[in-house]
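Novice: One-letter residues, chain by chain:
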Amino acid sequence: MAKITASVYTSHVPAIGAALDLGKSNEPYWQPVFKGYEFGKQWIKENPPDVIFLVYNDHATAFSLDMIPTFAIGTAAEFQPADEGWGPRPVPTVIGHPELAAHIAQSVIQDDFDLTIVNKMDVDHGLTVPLSLMFGQPPADDFRWPCPVIPFAVNVVQYPVPSGKRCFNLGKAIRKAVESFDQPLNVQIWGTGGMSHQLQGPRAGLINKEFDNAFLDRLIADPEGQASVPHIDYVREAGSEGIELVMWLIARGAMDDIDPAPLVAVAPDATKSVPANAHPVSVKHRFYHVPASNTAVGHLILENT
Amino acid sequence: MSLQKNYLDVPGTTIFDAEQSRKGYHLNQFCMSLMKAENRERFKADERAYLDEWAMTEEQKQAVLARDLNRCIALGGNIYFLAKIGATDGKSFQQMAGSMTGMTEEEYRDMMIHGGRSVEGNRVVGEDGDAQAQHQPQGKAGHSAQKASA
Chain A
1 MAKITASVYT SHVPAIGAAL DLGKSNEPYW QPVFKGYEFG KQWIKENPPD VIFLVYNDHA
61 TAFSLDMIPT FAIGTAAEFQ PADEGWGPRP VPTVIGHPEL AAHIAQSVIQ DDFDLTIVNK
121 MDVDHGLTVP LSLMFGQPPA DDFRWPCPVI PFAVNVVQYP VPSGKRCFNL GKAIRKAVES
181 FDQPLNVQIW GTGGMSHQLQ GPRAGLINKE FDNAFLDRLI ADPEGQASVP HIDYVREAGS
241 EGIELVMWLI ARGAMDDIDP APLVAVAPDA TKSVPANAHP VSVKHRFYHV PASNTAVGHL
301 ILENT
Chain B
1 MSLQKNYLDV PGTTIFDAEQ SRKGYHLNQF CMSLMKAENR ERFKADERAY LDEWAMTEEQ
61 KQAVLARDLN RCIALGGNIY FLAKIGATDG KSFQQMAGSM TGMTEEEYRD MMIHGGRSVE
121 GNRVVGEDGD AQAQHQPQGK AGHSAQKASA
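Chains A and B supply the protein sequences, listed in that same order. The numbers in full-length UniProt numbering rise by one with no breaks, and the one at position 195 of the first sequence is 195. The numbers in full-length UniProt numbering rise by one with no breaks, and the one at position 106 of the second sequence is 106.
Note that these hints are calculated values from the structure, not bench results. Hints may be right or wrong, so weigh each one.
[Said to hold, decoys possible] Within a straight-line C-alpha distance of at most 27 Å, the following computed DSSO-like cross-link-like pairs (lysine-lysine) qualify: (1) A:K176 - A:K209; (2) A:K45 - A:K284; (3) B:K61 - B:K44; (4) A:K24 - B:K91; (5) A:K24 - A:K41; (6) A:K120 - B:K61.
[What the hints assert, rightly or not] Footprint (simulated), chain B over chain A, 3 or more residues, beta carbon under 8 Å: (7) 12–23; (8) 98–110; (9) 161–173; (10) 230–236; (11) 291–297.
Where a beta carbon is used, it is the ideal one built from N, C-alpha and C, also for glycine.
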């Protein structure tokens, strides 16, 4: 039986990818960012996953305005790094896990989440920057990512985007799907995007450290409550692109300490915490830094115990 | 008709919803075309001719030619699509985002290094934060009174 062992959360700022690709990671501006990922790079060497289920958003790359699926699961054998306009990032092709992806699609769709099954798509910085942050740059003589990755794209570009509650419940359905897969795979689920940032208009450059740190606190200790926070709170407090944080709730919902029953409604200000007798999650690492380009960088590693 | 859009009162912010998407379809699809190197070359060689291949409004074409990203967004553009224009011009996301504030590149970069823009006064239209309409443009480009209150 496959099992989700840990969840990893990280921002996926494109400038981080550019800094790595252009060899700028030792510059004073970038040093504090990459220092925050040293723990994670070591941790993942010691805890190598067989497969990563990587939740991210497409940034007008694979999906044009011709159509944008709300939830899309990549079932292909491989995915090419996209040319987002600057040329493709010099990173390896992403190898998928078609059997597990198809299994998850089968299970999750029957649990009422309408996934779009995607057999061909390029992946952008939303997916490749987290891989670079956790694995570093693969050596030229062994140019590949260490494990297969199932890309899971969430629409957070064109409103309305899925609610926090829906994302959280989807995480529960993904966990159930993974646990019914008949192969002994160690699966990690990653939630990416955020933290506070706004890339448009006169309010561009908005950063809200208080909001971000409260989000991290609550994602750990009261994820159900955080899942009930409405979009407008993210937009107002964390910037128009801060809404990407709802994707972290998918990964959080897939952890063992979460009641598998669907979350119906929790008042946004409720302080319902995780029951003490549930399987607690272990906080392995927590990091926060401002800025990377226009964005606050957040990173968290949670392990099932 | 009575759908609630509770995000319309966030200052300096345009939420890219289904209505904006409908308005900006051709503009954004033009941007997508710049993901191909050959199209970037063709656009750079003759911007006007390239734009005329798209069913965009004249206003949208003018906004692109002027690289007025705020105007592009008002006309239905979305920043992730518009970023392809910036990429074609060799600009970073930070340069593009900063261009919408009126600040110089240096002023904007400096603001980010010092912790970014504060949310105080910038949550709701009508407050007095630096993203509010009465304080545009920002930075040196703004009036001295605006600088005093920044």
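Novice: Compare the structure with each hint and give your call.
Specialist: Consistency of the hints with the structure:
1. A distance of roughly 34 Å separates the Cα atoms of K176 of chain A and K209 of chain A; the hinted pair therefore is violated under the 27 Å criterion.
2. This hinted pair checks out: K45 of chain A and K284 of chain A have alpha carbons roughly 14 Å apart, not beyond 27 Å.
3. A hinted pair counts as satisfied when its Cα atoms are at most 27 Å apart, and K61 of chain B with K44 of chain B qualifies at roughly 14 Å.
4. Taken as a hint, the K24 of chain A and K91 of chain B pair is honoured in the structure, with Cα atoms around 17 Å apart against an allowance of 27 Å.
5. Straight-line distance between C-alpha atoms of K24 of chain A and K41 of chain A comes to about 18 Å, which keeps the hinted pair within the 27 Å bound.
6. Using a Cα cut-off of 27 Å, the hinted pair K120 of chain A and K61 of chain B is violated, with the two alpha carbons roughly 32 Å apart.
7. Counting residues of the segment 12–23 of chain A whose CB falls under 8 Å from any CB of chain B gives 3; the rule of at least 3 is met.
8. With a threshold of 8 Å between beta carbons, the proposed coverage of the segment 98–110 of chain A by chain B is violated, since 0 of its residues qualify and at least three are required.
9. As drawn, the segment 161–173 of chain A meets chain B at 0 residues by the rule of a beta-carbon pair under 8 Å; below three, the given contact is violated.
10. With a cut-off of 8 Å between beta carbons, the segment 230–236 of chain A has 4 residues touching chain B; three or more are needed, and the interface restraint holds.
11. A count of 4 residues in the segment 291–297 of chain A with a Cβ less than 8 Å from any Cβ of chain B is obtained; the coverage claim is therefore met, three being the minimum.
The structure does not agree with the numbered hints 1, 6, 8 and 9 stated previously, though it agrees with the rest.
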